[in-house]
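Engineer: Read off the chains here:
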Amino acid sequence: MFKHIRHSIKYKLITIQTATSLALLLLFILSYAVIEVQDFRQSVKSELNAAADVLSHNAVPAIIFNDSTEAAKTLHAMDSYNQLLNAWISDTTGRLFAAYSKAGFEQYDFPILTGNNFEITDESILFTKEIKNEGQFLGTIHFRLDIIRFTSLIRTIVLMSLLVLLAGTLISFLIANYMQRTISEPLLLLANTFQSISSTKDFSVSMRKQSNDEIGTLYDGFNALASEIRHYHENLENLVKERTQELEAANRQLHNTSSALQEINIALKREIEERIKADEERKASEEKLHIILQTMEEGVAVYTAGKIKFVNAAFCRLIGYSEEELVGKDTSEITDQIIFQADLEKVNNSASDCFSGKRIERMEYRYVSKSGEEVWVSGIPAIIPWDKGNAIIATVVDMTQHKKDKDELLKAKEAAESANKAKSAFLANMSHEIRTPMNAVLGYSQILQKDKSLGKVQLGYIKAINKSGEHLLALINDILDMSKIEAGRIQLIPSSFDLVEMTEDIAELFRMRTEEKNLQLQIHLDTDVPRIISADQSRIRQIVINLISNAIKFSSRGIIRINITLKNKRMLCLRVADQGIGVPANMLQRIFEAFEQTEKGISTEGGTGLGLTISRKLARLLGGDITVTSEPDEGSTFEFTFGFETGFRHELSRHTDFKRIRHLKDKHKNIKVLVVDDKPLNRDVAKTMLGVIGFTIREAENGLEALKEFETWKPDIILLDIVMPLMDGREVVSRIRATEAGQKVVIITVSASALDEEKAAILSLGVNDFVKKPFQENELLESIGIQAGLEYEYDNEEEKEQGIKENRFDYKALVLILPQELRAKLAKASILGDIDMLRHLIGQIAETDSTLADHLFLLQKSFKFEEILELLS
Amino acid sequence: MLHLKYIRNFFTVICFLLSASQMAAQVKGTPENIMSSFIYNFTAYLTWPVEETKAPFKIIVLGSNEFFQPLNYIAGVKMVKGRKIEVKLITKESEIEPCHILVVSEDFQKSLLTLNDNELLHETVIITNCLGCLTKGASINFVSVNEKIHFEINKKALDIKSIKASSQLLKLAVKVI
Chain A
358 MFKHIRHSIK YKLITIQTAT SLALLLLFIL SYAVIEVQDF RQSVKSELNA
408 AADVLSHNAV PAIIFNDSTE AAKTLHAMDS YNQLLNAWIS DTTGRLFAAY
458 SKAGFEQYDF PILTGNNFEI TDESILFTKE IKNEGQFLGT IHFRLDIIRF
508 TSLIRTIVLM SLLVLLAGTL ISFLIANYMQ RTISEPLLLL ANTFQSISST
558 KDFSVSMRKQ SNDEIGTLYD GFNALASEIR HYHENLENLV KERTQELEAA
608 NRQLHNTSSA LQEINIALKR EIEERIKADE ERKASEEKLH IILQTMEEGV
658 AVYTAGKIKF VNAAFCRLIG YSEEELVGKD TSEITDQIIF QADLEKVNNS
708 ASDCFSGKRI ERMEYRYVSK SGEEVWVSGI PAIIPWDKGN AIIATVVDMT
758 QHKKDKDELL KAKEAAESAN KAKSAFLANM SHEIRTPMNA VLGYSQILQK
808 DKSLGKVQLG YIKAINKSGE HLLALINDIL DMSKIEAGRI QLIPSSFDLV
858 EMTEDIAELF RMRTEEKNLQ LQIHLDTDVP RIISADQSRI RQIVINLISN
908 AIKFSSRGII RINITLKNKR MLCLRVADQG IGVPANMLQR IFEAFEQTEK
958 GISTEGGTGL GLTISRKLAR LLGGDITVTS EPDEGSTFEF TFGFETGFRH
1008 ELSRHTDFKR IRHLKDKHKN IKVLVVDDKP LNRDVAKTML GVIGFTIREA
1058 ENGLEALKEF ETWKPDIILL DIVMPLMDGR EVVSRIRATE AGQKVVIITV
1108 SASALDEEKA AILSLGVNDF VKKPFQENEL LESIGIQAGL EYEYDNEEEK
1158 EQGIKENRFD YKALVLILPQ ELRAKLAKAS ILGDIDMLRH LIGQIAETDS
1208 TLADHLFLLQ KSFKFEEILE LLS
Chain B
41 MLHLKYIRNF FTVICFLLSA SQMAAQVKGT PENIMSSFIY NFTAYLTWPV
91 EETKAPFKII VLGSNEFFQP LNYIAGVKMV KGRKIEVKLI TKESEIEPCH
141 ILVVSEDFQK SLLTLNDNEL LHETVIITNC LGCLTKGASI NFVSVNEKIH
191 FEINKKALDI KSIKASSQLL KLAVKVI
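Chains A and B, in that order, give the protein sequences.
Take the first sequence: its position 733, counted from the start at 1, is 1090 in our numbering, and no numbers get skipped.
Take the second sequence: its position 164, counted from the start at 1, is 204 in our numbering, and no numbers get skipped.
Don't take each hint at face value.
To give an idea of the chain A side of the interface with chain B (calculated C-beta under 8 Å), a few residues [unchecked claim]: (1) Pro418; (2) Ala419; (3) Phe422; (4) Glu427.
Think of the hints as simulated: they come from the structure by calculation, not from any bench.
Note that CB positions come from ideal geometry on N, CA and C, so glycine has one too.
The whole structure should be built from the sequences, with the hints applied where relevant.
Structural biologist: This is the structure in structure tokens:
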């Protein structure tokens, strides 16, 4: 049957119509049943509601007056209600108040319900309703009805439904069977026509339209479709031909594309092979790199902020950990473990800086090896790409042995420096100890030279003593200079000076000696050489004197040329070229070494052998150098270079002409000078020198005595030695300056200390000036005059002339100790009026007796040749 | 003592407000409390000849304070046919005044005859609680049957005073004369 339903429109139409009718019938029956049941419920409920109202009204007095018997009687009024099985009243507390049961239904438990209910159960129908009096709740009345009335109603409904359903289905089937023909027959005809066209392929068939409904429209559609298919069939062949041609063209294009793809494929294959090869080469390169890293001496570690990524064998050896103990571990944990605690912050900071892109310099730090030993390394971190991020590669070199060596070297250096300092201290002390007695030697010799009572021979001895003393002092000064240079304690004191004037002064100094040896001294300055420069004049002067002195010393003929040129904007070059004995090639460098002289130098001139050494060291301190070129027996050229700054004329130091101080200008002024020195001879020298000038002198042997004298005698000037027993000069200065009176007193320290820094330290105590022992008379007096604001009377030329007359005997005595040959030359030059010769000879005398030389120079300058002759007579 | 009495009366009133029957059935109130609630319920089934709608419904208790307390509380919470209830306690016959209900305690049962003749009580329902008082002139008298409180009605006395009792009330009375 279902097969028919699936294939036949006829059966489908019958089924649809019958099923629709059946569904409508069912819906109707269901509605009918529901309405009937609902109607039954409403009917029964209304009946029971009315009965409950009547009973409640009648039962209210009984309930109010608590009379259950009367209430039960009221319930008996329901006896005539056939279906009622039980009726009962419960009070407000839910307890049974009164009850009624139909005969045969007394065995019932009378359940107590609340509220208004209507309920149909399987066994009975239950109804309850509240009893109220004037709105006040008094109890609940209950009814229980027999279910039989309800069940019979249901049976009736079911029976009726079945009958209606059966009849309705039959009628519907018959009607559907009749009606379907009007639809199915034309459709069947159409279907047969389709089958015919399908088998015969004859699209010329046409259907005759029987009605104007949808089937008629379908017939029209069929006829139109058949016509269209006919037409379409005719065009189809042409279309197939066109499509075949297009397909062939597409096929050719496909073929071409395939060829192109094949070529691309080959190219890709080649590229893949190249990439594989490149990958293999990269792997090989990585292996090589790995081998290099593992075999290199330097330790290499690569780490990110999170993990240690790589360590090489050298790194593991360095700190004693295995690769497995480090690689893959937490970076901060390992860092804390292997970096020396004190260096941890430094290393972490450099790592942070490195990650932030800053350039990190090589640094030294310590690891702690697994065995707990400190390992010094020098490392430099750098950032490298690693696993799509950045990592730090740290390359470290074991510096432990180097550190040890360096420490030992440092200790050795410190020891050497300590020894050097000790040597310097020794030399300084020795210098002090020698200069102190030298002060007495030179001081007394100067004083004695003025003594008119001395005979010629004695005066000659005194001069010899003075000359020897000065030579000794020069030697000590040389040694001290060497000591200071070696100790790096030379302090340069730049000042503005006239370079030309300085050179001419030096040349003038040596003119007499050069003339004596028949040498010519020529000075040449380039035009671009600045005249006023700023540099340490005394040191430059010292070097130039040394070089010219050497040139004269080792030359017996020819010309000594002094050339001054500008080497660059801040460097001058002074060349001293002679035509002397020269220096052998093997000695060219040695002559700059201390105590080294050529054999000829030793044999001919003697000396300390320190001059050139000191000069070169000083030249280097001045920013330049001294070099030498020489040919034996042809001469030598010494080139002295030194740095300079531009000088200023107004800063030029004034050179006062040497004038001998005669006495204080104000002869009546009582100037009190306290001489403080632990050496009686030194006190005596100062006392003698100052007493002649007109000062009132008192002496103190040590600091304590000095303080007493200061308080009681109140001196104007104090000449203070520094190194003294009981209380030294420094303490004396601080105590005196601490008092009110001590603010005004002039304190001049007179010390044998020759170190510049010591001089500065003493000046910083608050003293007015510092005079170095052994002092020149004028040096001391000038210092006192400047600091105390005193004026002196000097020997002017007229007075000097007068003095010459008055003191002729004196100068005669000095002249007498000159060599006979020199005296003869001097006399000859004076007779001839040969000024040049006279100057040359006076220069010679100046080397041994400056006093006489000064006197002779004044006479020569004033063209007083007769006076010279008189002295010589 | 006064305090305990107050509590008890209050409890009685609450029970009364729930239901008279409930109170009678469940609450072990004093007989006076139950009778008081009955007295209030009688007003629904009795009809006085003259019913003034605005004047208070007056109940006088003669002699016994036991009735006064519960009735006074009922008067505070209930009304009779829309009228306020006024309850008064007197201890002397001379204090009697016109009222709807006069509750006479056992102390004054001897005075029943005189009270019946009192002109002031010609429309008053006299309620007693003593054996045989119904025949002595009481309109309604409380009796105890099987330990339950019931009442009996003197219909004649009510008829004389033109006071009508409903059939339902008469039906509930254990005795009607």
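Engineer: Now, for every hint given, state plainly whether the structure supports it.
Structural biologist: How the hints compare with the structure:
| no. | hint | in the structure |
| --- | --- | --- |
| 1 | Pro418 | holds (4 Å) |
| 2 | Ala419 | holds (6 Å) |
| 3 | Phe422 | holds (5 Å) |
| 4 | Glu427 | holds (6 Å) |
The structure is consistent with each of the numbered hints, conforming to all of them.
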